[in-house]
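Chain residues, written in single-letter form:
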Amino acid sequence: MLTYLSKRLLLALVTLVLVSFIVFLASDVLPGDVGRTILGNFATQAQVHALDVKLGLDHPLLDRYWIWVSHFVRGNWGTSYTLQVPVFGLVMRHFLNSLILGAFALVLIVPISITFGVLAATHHDRPLDRVISVTGMSMLALPEFVTGIVVLVVFSIVVHWFPVSSSVPVFSLPSIVRNLFLPALPEMVLIFGYVSRMARAGTVEALNAGYTRTAVLKGLPRHRVMMRHVLRNSLLPTITVVAVQAGYLVGSLIVVETIFNYPGIGNLIYTAATNHDQPVLQAAVFLVALVYTLSNLAADLLYAVFNPRVRLAS
Amino acid sequence: MSELRSADDVLSVSNLSISYRRRARAMRVVSDVSFSIRRGEAYGLVGESGCGKSTIAMAVMAYLADNALIDGGSIRLLGDEVIGARAADLREWRASRVAMVYQDPGSSLNPTMRVGRQLAEVYRYHDHVSWDAANASALTMFERVQFADPRTILERYPHELSGGQQQRVMIAMALAANPALLILDEPTTGLDATVEAEILDLVEELLRDIGTAALFISHNLAIVSRLCDRVGVLYAGRLVEEGPASEVLHTPHHPYSIGLLNSIPHWGATKDHLRLLPIPGDPPALGQIPSGCAFASRCAIAEDACLAAPPPLAPCSGVHSLSACLRRDDAADLAAVVAKNEAADGPAPVATPVRIGREAVVEVTDVIKRFSAHGTTLTAVSDLSLTLHRGEILGLVGESGSGKTTLARTIAGLYRADGGVVRVGDATTRSRRERASFLQMVFQNPDTALNAKFRVARLLGRSVKRLNPGLSADERQAKVLDVARSVKLQESHLDLLPGALSGGLKQRVAIGRAFTGDPTVVVLDEPASALDVSVQATILNLLVDLQREHDLAYLFISHDLSVVRYLSDRIAVMYLGELVEIGPAESVMRPPHHPYTEVLLSANAAAIAAGRARIRLRGPSPSLANPPSGCRFHTRCPRSLGELCATVAPPMQVADAGHQYRCHIEPSALATLQSLRPDAAAARDAETTTDTDATTTRSTRGHS
Chain A
0 MLTYLSKRLL LALVTLVLVS FIVFLASDVL PGDVGRTILG NFATQAQVHA LDVKLGLDHP
60 LLDRYWIWVS HFVRGNWGTS YTLQVPVFGL VMRHFLNSLI LGAFALVLIV PISITFGVLA
120 ATHHDRPLDR VISVTGMSML ALPEFVTGIV VLVVFSIVVH WFPVSSSVPV FSLPSIVRNL
180 FLPALPEMVL IFGYVSRMAR AGTVEALNAG YTRTAVLKGL PRHRVMMRHV LRNSLLPTIT
240 VVAVQAGYLV GSLIVVETIF NYPGIGNLIY TAATNHDQPV LQAAVFLVAL VYTLSNLAAD
300 LLYAVFNPRV RLAS
Chain B
0 MSELRSADDV LSVSNLSISY RRRARAMRVV SDVSFSIRRG EAYGLVGESG CGKSTIAMAV
60 MAYLADNALI DGGSIRLLGD EVIGARAADL REWRASRVAM VYQDPGSSLN PTMRVGRQLA
120 EVYRYHDHVS WDAANASALT MFERVQFADP RTILERYPHE LSGGQQQRVM IAMALAANPA
180 LLILDEPTTG LDATVEAEIL DLVEELLRDI GTAALFISHN LAIVSRLCDR VGVLYAGRLV
240 EEGPASEVLH TPHHPYSIGL LNSIPHWGAT KDHLRLLPIP GDPPALGQIP SGCAFASRCA
300 IAEDACLAAP PPLAPCSGVH SLSACLRRDD AADLAAVVAK NEAADGPAPV ATPVRIGREA
360 VVEVTDVIKR FSAHGTTLTA VSDLSLTLHR GEILGLVGES GSGKTTLART IAGLYRADGG
420 VVRVGDATTR SRRERASFLQ MVFQNPDTAL NAKFRVARLL GRSVKRLNPG LSADERQAKV
480 LDVARSVKLQ ESHLDLLPGA LSGGLKQRVA IGRAFTGDPT VVVLDEPASA LDVSVQATIL
540 NLLVDLQREH DLAYLFISHD LSVVRYLSDR IAVMYLGELV EIGPAESVMR PPHHPYTEVL
600 LSANAAAIAA GRARIRLRGP SPSLANPPSG CRFHTRCPRS LGELCATVAP PMQVADAGHQ
660 YRCHIEPSAL ATLQSLRPDA AAARDAETTT DTDATTTRST RGHS
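Line order of the protein sequences matches chains A and B.
Residues 0 to 313 in numbering that gives the first Met the number 0 are what the first sequence lists, from first letter to last.
Residues 0 to 703 in numbering that gives the first Met the number 0 are what the second sequence lists, from first letter to last.
The shape of chain A in the complex, shown without the other chains (with noise of 0.2 Å):
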């Protein structure tokens, strides 16, 4: 377990430091001036050229690397270019908004999900396995982009059942629902699909599995059948999904945080983005992949936990 946790870990450390990497290439490669696009089209060339300066965009690449990420460490993120604010405490309010949104949408949608698949499972190649499974097939092929502006246009502007720009909800439940119900539906939709699906398959061969017969054949009642031997078992590959998306989600907001005007960090990175925003940029980016590739490790974890062959391992 130990040497497994630690191989886990140093390859998280590994992912980390060449995304650190990358974020700040890309970044950095982005077309256009930062000096010239902070002061503005009136400035002077040799204004330009001071900021740059001054900002210290005439080191070497990997100089500014080096110094980017021994301030990053320390908490010290820099200064918006555009909004002129601190970068840590900005990025930090979009994110939290975000983590509201993501587990809004995972609390709703996993055990939903779950709860098919299993079913589906159950009524392996009758009508209702077919009627999920085709559905969840159909989920996963409805990018964020196509459900978020349907729904947009159903709900928000056809029936005005939800506003069309989604704000961060008070602690009430109205508040909660009418604000992150409709941001969160693309999310959910695509969620549904991989989580049914890897739900419905891991079941289907779990009631399939030798043991699943010797549980039955001991004579046990159905729910100890299901719930000890066959959901025990067959639910272990479905939590690594289920923490992989939740990863995959925060950073795949970007798309439904801009239609609907949601302030979080998927509406920051794209505003950073259009506005040549460095610091802010590279560190939203960066958290996305740090969220990421903690969710990675949480499924690591997770499986490893559940699952003796590798907990007991020496």
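These are calculated hints, taken from the structure and not from any lab test.
Heads up, some of the hints might be wrong.
Every beta carbon over 10 Å from chain B, so not counted as near; a handful from chain A, in silico [what the hints assert, rightly or not]: (1) Leu-12; (2) Leu-38; (3) Phe-94; (4) Ile-111; (5) Arg-231; (6) Tyr-291.
Beta-carbon label-pair distances, calculated as ranges [as the list claims (entries may be wrong)]: (7) A:Trp-65 x B:Glu-433: 57 to 63 Å; (8) B:Glu-433 x A:Leu-1: 45 to 51 Å; (9) B:Ala-147 x A:Leu-9: 35 to 41 Å; (10) B:Arg-617 x A:Arg-308: 26 to 32 Å; (11) A:Asn-207 x B:Asp-655: 50 to 56 Å; (12) A:Arg-308 x B:Ser-628: 26 to 32 Å; (13) B:Arg-389 x A:Val-13: 54 to 60 Å; (14) A:Val-16 x B:Glu-159: 33 to 39 Å.
Partial list, derived from the structure: chain B residues whose beta carbon lies under 7 Å from chain A [stated by the list, open to error]: (15) Thr-111; (16) Tyr-124; (17) His-158.
Fair warning: this is a prediction, and the values are worked out from it, not measured in the lab.
Yeah, the Cβ is synthetic: ideal placement off N, Cα and C, and Gly gets one too.
Keeping the supplied structure of chain A fixed, place chain B upon it in accordance with the hints.
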């Protein structure tokens, strides 16, 4: 069989017929089967794969696949009908009336639950006791199945147990609720011989003590004859013979049973004086069972009447057996089965030319092979030396983890030795291609060894092209036909994909491919182990014929000592990566021999049937990563001397001309020790005695 049904029956199956539906077509797999098992009786159901024996077991458990359809008949368990029973009744009957032990204990246990909990569940949900009481009962049950340390086993997960321990857990679980009937479906297939022997000892003892009736399903006649009171022989879904075990196995009254018995090398038989007799032809395909006797097309004594309707199972005169053969009472007819099968098969056995002492074709000197994984290094083969001579068959035996496959693969060049020298061929054998045409390998599983997307002609053709680069296209074509003929494939087989061939035919293609370059040496890694016994006989005969014809040397690996003894001129025994014994086959089989060989012999069911003493291994199998000091076998050796064996690596002792074993005990002393066992002393005589009493049918053939 209504006369057999009585109030004392634990299980009575009558006129049971089962089909499987596949693509809207119903395929009959079990036809009109009737049998019953009395209280405390052990009943053996024998047959080859696809004969319907597991389907019958699952029908009794009321756990048939969704596409299975019971066409008729009845299954009564302690008088109550199982077919169509309410789910609540079934739940109650399972475990408490009937319980089952499966073929593969590894996959039959829940990997995410401690085995103690899995056992305790039975008590919890059948006796409705508290978890504490259930756990206490589980501990008692683990003691009954003779775990050395039952308390720690309770806390283990399945993957932390060996195959033998897993099967013990399964047996404990099956017996937990005191069932009236225990179904054992090939419970030892896949286990090592010594573990198999332990499990069978345990089952035998428990059945005797508890008085539970048993339905024992197996393809292994020797095991069935050891454990069962009565035996039923299934062929193509029908019971073709039934009777007391000793009668069915020694004086069979159905041509199929006779054929089955003559397919396996009985204990002591060798290729030089006895040819195996495979049953000609193939069993009918699923769903294509003919209207008459299903065996008629393969039967040497079939007549027109056999094709009209399936003959009923009826008593034979003078014995207790029932047989479904119209000519069941004609002894001369039944004896003719053997003679006619013999005539149909091929050349008679010939006496051995001298095979030992010719030039070496493979020389292995001090070879070491290590594997590293997860920071630990296993030495799978350590300091091993042996020589394979031109034209000889060297049998290699040892249990899983002994390193026999690693050695074979190292010799074949699939692994690079980490130390020592493997010399294959002579000075002219240098390039990979020269080596490949000199030495070829046949693997256990032809399903994975053959590319499923290539037709047989292409599979053979590629190999012909690669190993015979000088040939023209026409010559290559001729060579493919030639090879196909030599492994008894028909020309029509050449156009088929491997998926369309039976297991036996696939293995013939694999063997044919190995022979395309006219090799001098062939390494055979369990080439017939995955096949049914009658098909195994065909393959073994084919291998013997090819060997004689081409003066080949074989390195033949098998876990089945009867087969190795039958085929080999010399036998090498491996234990934990070391060669512990090597010598002429007959010399290795009798004392003095290595104590490990002694244990292997006494674990062999056929040898036990022939009256061998039962000597069992002590303790668990040590890990290759951390082999015991001194003699590697000392932790489990029945002949251990204690301190000396535990500290000093033993020398090679010379028992006989060309027969060496690695032990501290000198040959004369070891011979005395091993002869102290009355039945082991008779080992030399056992060959002749078993020949005469193994099967009387066989004795009609004599030793030509």
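The hints, checked one at a time:
1. The claim that Leu-12 (chain A) lies off the interface holds: its Cβ sits roughly 20 Å from the closest Cβ of chain B, which is beyond the 10 Å cut-off.
2. No beta-carbon of chain B is positioned within 10 Å of the beta-carbon of Leu-38 (chain A); the least distance is around 59 Å.
3. In this structure Phe-94 (chain A) is separated from chain B by more than 10 Å, as the shortest Cβ-Cβ distance comes to about 36 Å.
4. Ile-111 (chain A), annotated as away from the interface, keeps every beta carbon of chain B farther than 10 Å; the closest lies near 25 Å.
5. Non-interface call for Arg-231 (chain A) relative to chain B: violated, since the shortest CB-CB distance, roughly 5 Å, does not exceed 10 Å.
6. Separation of Tyr-291 (chain A) from chain B is adequate, the least Cβ-Cβ distance of about 28 Å exceeding the 10 Å criterion.
7. For the hinted restraint 57 to 63 Å between Trp-65 (chain A) and Glu-433 (chain B), the CB-CB distance of approximately 58 Å keeps it satisfied.
8. Separation of Glu-433 (chain B) from Leu-1 (chain A) is about 50 Å and conforms to the stated range, judged on CB atoms against 45 to 51 Å.
9. Between Ala-147 (chain B) and Leu-9 (chain A), the C-beta spacing of about 40 Å keeps the proposed range 35 to 41 Å intact.
10. The beta-carbon spacing between Arg-617 (chain B) and Arg-308 (chain A), approximately 29 Å, falls within the hinted interval of 26 to 32 Å.
11. Checking the proposed 50 to 56 Å range against Asn-207 (chain A) and Asp-655 (chain B) shows it holds: the Cβ atoms sit about 54 Å from each other.
12. Separation of Arg-308 (chain A) from Ser-628 (chain B) is about 31 Å and conforms to the stated range, judged on CB atoms against 26 to 32 Å.
13. Between Arg-389 (chain B) and Val-13 (chain A) the beta carbons are some 56 Å apart, a value that agrees with the proposed interval 54 to 60 Å.
14. Taking the beta carbon of each, Val-16 (chain A) and Glu-159 (chain B) are about 37 Å apart, inside 33 to 39 Å as hinted.
15. The criterion of a C-beta within 7 Å of any C-beta in chain A is met by Thr-111 (chain B), whose closest approach is roughly 5 Å, and the hint holds.
16. Because the closest C-beta pair between Tyr-124 (chain B) and chain A is about 5 Å apart, less than 7 Å, the hint holds.
17. A cut of 7 Å between beta carbons decides the hint on His-158 (chain B): the least distance to chain A is about 5 Å, and the hint holds.
Checked against the numbered hints given earlier, the structure breaks only hint 5 and satisfies all the rest.
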